[in-house]
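Model the full structure from these sequences, guided by the hints.
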Amino acid sequence: MGAERQQRLRSGQLGALALTAAEVPALRVCAGLGWLWVLLGGVAAAGFLSFLTCLKNRRTPRPAFSRSRLPGRLFLQAALLCLSPFAAVEAAAAFPETARSPLAAGLVLLLAGYAVSKGAAAVGRCAGVLLWLTGALCGIVLAASLPEIQLRWLRPTGEPAQALTAFVSLLLPGAALGLEPVLEPGEALPHWPWWGGAGLALAAALVTGGILSPAVARRPEAFQTLARGVSVLGVMRRFEALVNAAMLISGFCLCALLLTVLRVSLGRLGRQAQIKF
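In my numbering, the protein residues as written are 1 to 277.
Hints listed in this document are in silico derivations from the structure and should not be mistaken for laboratory results.
DEER-style ranges, computed between Cβ atoms:
| # | residue 1 | residue 2 | range |
| --- | --- | --- | --- |
| 1 | Gly186 | Gln150 | 43 to 53 Å |
| 2 | Asn57 | Gly267 | 14 to 24 Å |
| 3 | Arg219 | Arg155 | 15 to 25 Å |
| 4 | Arg8 | Leu154 | 38 to 48 Å |
| 5 | Ser213 | Pro181 | 45 to 55 Å |
| 6 | Glu184 | Ala215 | 42 to 52 Å |
| 7 | Trp192 | Leu111 | 20 to 30 Å |
| 8 | Gly12 | Arg155 | 35 to 45 Å |
These figures come from a predicted structure and were not determined experimentally. Ideal Cβ positions, reconstructed from N, Cα and C, are used throughout, including at glycine.
Here it is, written out as structure tokens:
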């Protein structure tokens with residue numbers, strides 16, 4: 001009973017994990033895109049994930065194991081296995097000193113793996129705390145940036161292909177839908193993480209483009225560049241340490257999310273196919 005309890009998540013914990021993980025694509029990818037295309041791509045991603053959420057919440061009982069679905073499930077698990085190191089690399093890239101360090105990425109991956117080994121509930125509790133921390137860090141930077149926005153730089157720019165980039169990147173936290181089998185009985189998958197991630201991406205794109213100019217915002221690490229120059233009453237400057245910390249935490253949560261979904265998927269497949277993993 002205790003082991004089973006370790007694998008159970010509450011809806012709020014799953015949502016916190018998904019939204020914290022969404023900060024990586026929002027701040028590292030969408031911040032440098034045109035805000036109009038981020039708006040369109042974000043709404044499309046959030047709407048699509050909400051549609052899938054409704055389908056999963058209405059589906060009862062869960063379908064039995066089918067060998068015809070095995071190739072698709074194996075492909076999904078292979079994708080999760082490949083994306084987990086990518087998330088670790090993105091987490092390590094939060095700080096310039098560790099951006100190209102395989103050791104730093106490996107440590108993030110090991111730390112996420114250790115958290116996942118403690119069960120989905122432990123990962124959910126961790127995310128429930130980290131969401132407030134990263135939200136505060138990002139909120140400080142975004143709020144402090146508002147007075148410096150230049151309205152002339154808020155004219156829609158960019159190309160329609162940027163909407164596809166935003167759409168695909170904001171689908172990544174949707175991996176949390178794979179944790180539906182380990183929700184507490186009576187709990188439902190939440191919708192708010194998808195819209196929260198889209199909102200954060202739009203805010204980051206607006207602030208970054210409105211302060212740095214659309215041309216400068218397209219450069220790598222645009223949001224960190226923005227945070228480096230933000231000031232409060234001309235006194236406090238160089239907020240990039242806060243942004244770097246938020247991205248490191250978010251990258252860790254994204255890595256832990258992907259590994260947790262992989263573990264749940266493998267365990268469920270093993271039970272349904274009567275294979276012990």
